[in-house]
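There are 2 protein chains.
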Amino acid sequence: MKSVTIVGGGLVGSLWAVYLSREGYKVKVFEKRTDMRNTVMSAGKSINLATSYRGWKALDAMGLGDEVRTIAKPMYGRTMHLPDGAKNFQKYGQGDQAIYSVSRGGINVKMLEAAAKNAELYFNEDCIGVDLTNNICTFKNSVTGNVTEVKSDLIFATDGAFSAVRYNAMQKLDRFNYSQNYIEDGYKEILLPANADGSYKMEDETLHIWPRGRFMLIALPNQDGSFTCTLFMPVDGHEYSFKKLNNKEAINKFFAETFPDFYEMMPDVADKWDDYPLSSLAIIRCFPWHHNNTALMGDAAHATVPFFGQGMNCGFEDCTVMWELMKKHNHNWPEILKEYEVLRKPNGDAVQDLSLQNYLVMRDKVADPVYLLHRKVEARISTLYPDKYFPLYTMVSFTDISYHTALTKGNEQERMVSEFISDHGITDTTPVDVIDGYIKLKFGDKL
Amino acid sequence: MKSVTIVGGGLVGSLWAVYLSREGYKVKVFEKRTDMRNTVMSAGKSINLATSYRGWKALDAMGLGDEVRTIAKPMYGRTMHLPDGAKNFQKYGQGDQAIYSVSRGGINVKMLEAAAKNAELYFNEDCIGVDLTNNICTFKNSVTGNVTEVKSDLIFATDGAFSAVRYNAMQKLDRFNYSQNYIEDGYKEILLPANADGSYKMEDETLHIWPRGRFMLIALPNQDGSFTCTLFMPVDGHEYSFKKLNNKEAINKFFAETFPDFYEMMPDVADKWDDYPLSSLAIIRCFPWHHNNTALMGDAAHATVPFFGQGMNCGFEDCTVMWELMKKHNHNWPEILKEYEVLRKPNGDAVQDLSLQNYLVMRDKVADPVYLLHRKVEARISTLYPDKYFPLYTMVSFTDISYHTALTKGNEQERMVSEFISDHGITDTTPVDVIDGYIKLKFGDKL
Numbered sequence: 001m002k003s004v005t006i007v008g009g010g011l012v013g014s015l016w017a018v019y020l021s022r023e024g025y026k027v028k029v030f031e032k033r034t035d036m037r038n039t040v041m042s043a044g045k046s047i048n049l050a051t052s053y054r055g056w057k058a059l060d061a062m063g064l065g066d067e068v069r070t071i072a073k074p075m076y077g078r079t080m081h082l083p084d085g086a087k088n089f090q091k092y093g094q095g096d097q098a099i100y101s102v103s104r105g106g107i108n109v110k111m112l113e114a115a116a117k118n119a120e121l122y123f124n125e126d127c128i129g130v131d132l133t134n135n136i137c138t139f140k141n142s143v144t145g146n147v148t149e150v151k152s153d154l155i156f157a158t159d160g161a162f163s164a165v166r167y168n169a170m171q172k173l174d175r176f177n178y179s180q181n182y183i184e185d186g187y188k189e190i191l192l193p194a195n196a197d198g199s200y201k202m203e204d205e206t207l208h209i210w211p212r213g214r215f216m217l218i219a220l221p222n223q224d225g226s227f228t229c230t231l232f233m234p235v236d237g238h239e240y241s242f243k244k245l246n247n248k249e250a251i252n253k254f255f256a257e258t259f260p261d262f263y264e265m266m267p268d269v270a271d272k273w274d275d276y277p278l279s280s281l282a283i284i285r286c287f288p289w290h291h292n293n294t295a296l297m298g299d300a301a302h303a304t305v306p307f308f309g310q311g312m313n314c315g316f317e318d319c320t321v322m323w324e325l326m327k328k329h330n331h332n333w334p335e336i337l338k339e340y341e342v343l344r345k346p347n348g349d350a351v352q353d354l355s356l357q358n359y360l361v362m363r364d365k366v367a368d369p370v371y372l373l374h375r376k377v378e379a380r381i382s383t384l385y386p387d388k389y390f391p392l393y394t395m396v397s398f399t400d401i402s403y404h405t406a407l408t409k410g411n412e413q414e415r416m417v418s419e420f421i422s423d424h425g426i427t428d429t430t431p432v433d434v435i436d437g438y439i440k441l442k443f444g445d446k447l
Numbered sequence: 001m002k003s004v005t006i007v008g009g010g011l012v013g014s015l016w017a018v019y020l021s022r023e024g025y026k027v028k029v030f031e032k033r034t035d036m037r038n039t040v041m042s043a044g045k046s047i048n049l050a051t052s053y054r055g056w057k058a059l060d061a062m063g064l065g066d067e068v069r070t071i072a073k074p075m076y077g078r079t080m081h082l083p084d085g086a087k088n089f090q091k092y093g094q095g096d097q098a099i100y101s102v103s104r105g106g107i108n109v110k111m112l113e114a115a116a117k118n119a120e121l122y123f124n125e126d127c128i129g130v131d132l133t134n135n136i137c138t139f140k141n142s143v144t145g146n147v148t149e150v151k152s153d154l155i156f157a158t159d160g161a162f163s164a165v166r167y168n169a170m171q172k173l174d175r176f177n178y179s180q181n182y183i184e185d186g187y188k189e190i191l192l193p194a195n196a197d198g199s200y201k202m203e204d205e206t207l208h209i210w211p212r213g214r215f216m217l218i219a220l221p222n223q224d225g226s227f228t229c230t231l232f233m234p235v236d237g238h239e240y241s242f243k244k245l246n247n248k249e250a251i252n253k254f255f256a257e258t259f260p261d262f263y264e265m266m267p268d269v270a271d272k273w274d275d276y277p278l279s280s281l282a283i284i285r286c287f288p289w290h291h292n293n294t295a296l297m298g299d300a301a302h303a304t305v306p307f308f309g310q311g312m313n314c315g316f317e318d319c320t321v322m323w324e325l326m327k328k329h330n331h332n333w334p335e336i337l338k339e340y341e342v343l344r345k346p347n348g349d350a351v352q353d354l355s356l357q358n359y360l361v362m363r364d365k366v367a368d369p370v371y372l373l374h375r376k377v378e379a380r381i382s383t384l385y386p387d388k389y390f391p392l393y394t395m396v397s398f399t400d401i402s403y404h405t406a407l408t409k410g411n412e413q414e415r416m417v418s419e420f421i422s423d424h425g426i427t428d429t430t431p432v433d434v435i436d437g438y439i440k441l442k443f444g445d446k447l
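If you're matching them up, the sequences are chains A and B in order.
Counting from 1, position 252 in the first sequence corresponds to residue 252 in our numbering; the numbering is continuous, with no gaps.
Counting from 1, position 408 in the second sequence corresponds to residue 408 in our numbering; the numbering is continuous, with no gaps.
Bound-form chain A, shown alone:
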């Protein structure tokens, strides 16, 4: 029975421990933080997570989906809040397709509980070195100060965007490519509490967006009637920036003028301003993703900005893919790891590109009539050819079409729809049956 060290007991690490334990591996998980199962969770720097198809697929394969569903709130679309207070609902998919809001802490505890059934979990263990040649990880316990060396047959680094395994070992390898690029914008969470009776202050089965061009506010429902809201905007150097929101007066003025309906729901936003820190957002790329018997998974391999809600889903899909390769190659790890990185790297890159692209969509385009007309036409094509045409959002969130294919195909479709609209002079007043007629004329049975 092969022994495995998993560095990082976050979402991907603990789920991957479940997979490996079920396959008969002897798994030890080492987590830097304290044991979340014993801690009162703070929303912290979480950004609520949106579980979608790929996430559920990876959970359901291990029978963990239903447990997570107990703490998930469906969101069937986005509710856009205009500056004048008007609202507009845009469905994410067809029928009851939804993405699901879960708290990072909540789902992490569920994963740790599942992992603990068959794997050994260690906490407060900081990875201070990795010997990639002999598969030895060195951990320093932040409580006792004890240093432990752990040798195993395989090492998986699921220790997040600032992976210690990557930093302490992989990055020092010759010909290891690496980049960390921060976007200009930071983010800050704001908790919009429930009403006194525990009810939600807004519609709860939706993701709320206040798109304002260069910045945006979003809100995801929690189970207790509150919303976790996040303001994304430039840190500095722009008309609107976090730097300028440096006193209560400025904060109140900004919210009253820019998000009046939100301000009405939370007039004490300035008092709560410092409850959460200003945080940064980075895209981290690297390659290769393995060396000898050590592999990077999840954010350690491909940390992204959160705007497509795919960070966790992509990390969970790493587990699905690795598991399928494990079966395909009959546990021959050199073969598995080689194919894993070749298969998966283009998708890591693509999910990052998609995430950056979707920031523009969320903060700007969802309020742009041209964009909305595109979506309307695309929805018609997809309704007429439900098995053949998938809008980009659908490919990413409601299928497991590879991210790379989704990105390529999505961009092609965008050009095609754009051309179609201009060729037929379609506007937002063109009746749906006319649009449908043009679509059938153009595509017939060719799609």
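Any given hint might turn out to be false.
Same chains, same names: a pair is fine if it fits in one copy or spans any two.
[As the list claims (entries may be wrong)] Straight-line distance between alpha carbons at most 25 Å, and here's what the computed BS3-like set of lysine-lysine pairs gives:
{"#": "1", "residue 1": "172", "residue 2": "32"}
{"#": "2", "residue 1": "188", "residue 2": "73"}
{"#": "3", "residue 1": "32", "residue 2": "365"}
{"#": "4", "residue 1": "201", "residue 2": "442"}
{"#": "5", "residue 1": "73", "residue 2": "172"}
{"#": "6", "residue 1": "253", "residue 2": "201"}
{"#": "7", "residue 1": "442", "residue 2": "345"}
These aren't lab readings, by the way, just hints derived from the structure by calculation.
Add chain B to chain A, keeping to what the hints say.
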């Protein structure tokens, strides 16, 4: 008197120590390697360096140029070696303009000797940590094992492409952007010895190139009659790669077929193949270049691939620029460092882009008739308007026009020359006086 810690006693670090000492700073230089002044130099992984205008300017400002000139060999142009053995000389500039081949070790020793006059130098001192808030560097001596903490007013990291200061401290800062990208190609040095009588086996006042499309061999003259030659080619995955040159037979066949004139001069190339290691080439970018009182200079800030011979020159120019800012801001370091990184970062990026671009020129275009026609026309424009038109190579190597301007202007000029050639149907048989006529017609006194 302000105290300064310089981490890295390579070319830039020791020159910068001279500048700072002359300005009255109390300077300590800590170098990881042993003291080169006491060591027999190995050509090692050097790639001979080419000193050009910016390098001389920085040296001459401290009166060090003449000392370096004693170990420099001028190269007035490139001598291209075709597969059939034919040769072709292309001048680098006008008149006696030349770039100068020097050995890395030779010039480093000269710099250390100059620095030692006023600064304190420490060797075998490995930087294991930097406290950017309190300006404290921690060094571990690799011989004695002693750990020393050094506090100073200013810290300069001139510790090269894999800077310990950057890695141990800067890279951990929030919002620090960083990338290390290896190119597909590696390099290997080959020493072509002098004839028995000490004479050169080829013309000595020139840079030799064997351009072969996807790869190339180059040779730079040393003072002792030998040439330091370097083969640049893909490590793997191509028709010609280092991976395939894994036995003497393959090496001999490759040289005999690909570089027949070189093989004739060095028929024992296969026996010498393992004298130097296969090495890698990377572009390293980062930003910001300073934090509090610590700044990155030279390769630590902007390591590049060697194809424009500008790595050292750019690092030396960092000294010139910082020195000018020191005078401009009257030793007000917060102001100096802020302006330094804003001024210099676009030039660090540009020298990297220029270096990558020049690899294509050297390995491929110098043998391309279209490229050569462009250069011929450009040489005519530059001859007719000597004070107004500078070819890209001239701007980079024989002026201190900023790298960023050179890159932008060079690309504009390339488009302009291309258009000019096609508009007038110029070919390589068009007489020079006809070309001159077209040039005067087109530009008149407008240039």
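A quick look at each hint next to the structure:
1. 172 - 32: both (22 Å within a copy, 17 Å between copies)
2. 188 - 73: Answer is within: at 22 Å inside a copy they meet the 25 Å cutoff, but 59 Å across does not.
3. 32 - 365: neither (40 Å within a copy, 53 Å between copies)
4. 201 - 442: neither (45 Å within a copy, 71 Å between copies)
5. 73 - 172: Neither: 43 Å inside a copy, 36 Å across copies.
6. 253 - 201: For residue 253 and residue 201, only the intra-copy Cα distance (22 Å) is at most 25 Å; the inter-copy one is 78 Å.
7. 442 - 345: Neither way: residue 442 and residue 345 sit 36 Å apart in one copy and 51 Å across, limit 25 Å.
Checked against the numbered hints above, the structure violates hints 3, 4, 5 and 7; every other hint is satisfied.
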